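Trainee: What follows is each chain in one-letter form.
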Amino acid sequence: MEDFEKLKALWQQSAPTTPKVDLEGMKKTNQSNQRSLEKTQLRAAIALFLTPVGIQIIFFLTHTHFQSALTYVAVALISVLSVAQGVIHLSLYRRLRRMNVAAPATEHLRQWEAYYQFRRKWVRINNPVYTLALSVALGLYYIEILGLMSVPYRIVVGTLTAAWILYSYFVLGRRQLRKEYGRLESIIQNLKNLQQQLDADSAA
Amino acid sequence: MAEPILFETIYQTYYPKILKLCLGYTGDYPQAQDLTQETFVKTWENLNQFRGTAQLSTWLYRIAVNTCLYHLRVQRNRHTDGLTQHHAEQLADEKDEGDQPVSILYKCISQLAETDRLIIGFVLDEMPYTEIAQIVGVSEGNLRVKIHRIKHQLSVIYNHYGRL
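Top line first, the protein sequences correspond to chains Z and E. Residue numbers for the first sequence follow this note's numbering, so the first one is 1 and each next one is one higher. Residue numbers for the second sequence follow this note's numbering, so the first one is 1 and each next one is one higher.
The following block holds chain Z by itself, in its conformation from the complex:
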């Protein structure tokens, strides 16, 4: 162990300098997996909260008046759905932020596994319900709007909207989820491997 004492002396004589505290700079360069997951949820929540605000601004600027009460109901439904979905993303963000960053490795692994299971379960129910409800709301909105258009325009607008919803759900949404699950699985797998390392000598 004499060798090790030399290494200890070597380690202790090295004293890296402490740079000035720059929290904002640190936050900007912080690119951890957890932060990416948090940012994704926060950005989604903000975008969804801003959707009804955007709708209101457009209506205000264009002095829009609808003939049918159903169209107002549809607009209200789109706004409510956006806010509700925003609340869900915000709660996911808060759940990630509440994770105990100082928990021992085993508990840390449990926290991530619980979040991953919850997220998968939630996505299975939430995503189809949200997409379906939004499609219904848009359908109601289009009853009046498309009625004002010629048949070829109706077909073009209807087709483009349907295509966009399908593309968002089956391509963009799934791509985003794959990325998110990938990050979560990477964290969990990493922690599992490390847990195995920690347990390795216990049998000795």
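Just so you know, the hints here were simulated from the structure itself, not pulled from any lab data. As the structure is a prediction and not an experimental result, all values here were calculated from the model. Every residue, glycine too, gets a C-beta built ideally from N, C-alpha and C. Hints should not be assumed to be uniformly reliable.
As the list claims (entries may be wrong) - Simulated coverage check for chain Z against chain E, where a stretch passes if three residues somewhere in it have a Cβ under 8 Å from a Cβ of chain E:
{"#": "1", "segment": "10-19"}
{"#": "2", "segment": "172-182"}
Unchecked claim - Covered, in the sense of this in silico footprint (three residues per stretch, anywhere, with C-beta under 8 Å from a C-beta of chain E), are these stretches of chain Z:
{"#": "3", "segment": "103-110"}
{"#": "4", "segment": "188-194"}
On the provided structure of chain Z, position chain E as indicated by the hints.
Mentor: Coordinates of chain E only, in the frame set by chain Z:
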């Protein structure tokens, strides 16, 4: 103590220790700096969660350990040689000293298994075994077995470089 002042004190006291721990973990100066920064960002963001049930150092090192442990392996293993050299150059610039053996020590530590790198960092800093066991989350008995094995492994790796 107000949070900003407490944070400043923690930062000044523990930055070099956490950086060394991360250097041993990554063997790579820029990555170690990133991990150290991430540790302190989390510390700042969670300072209100520290309830004094654990020692402040234990709490802080747990954050550092968790930050290191779930950092992407792919990123950890990148450019190790070149950046260890970068660290040696950086230290030489800062202190005008021949610190090459230190960077080799960091490099040797970074060749150990991930959890072993962290454990040996604490041992080299002469942290009590009870505290290391609490930080890493293993029993003290298990920790002693590990430390004995890691010390031997590290000495072998370092000797391989012909430095002792």
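Trainee: Next, verify each hint and record whether it holds.
Mentor: A quick look at each hint next to the structure:
{"no.": "1", "hint": "10-19", "verdict": "holds (count 10)"}
{"no.": "2", "hint": "172-182", "verdict": "violated (count 0)"}
{"no.": "3", "hint": "103-110", "verdict": "holds (count 6)"}
{"no.": "4", "hint": "188-194", "verdict": "holds (count 4)"}
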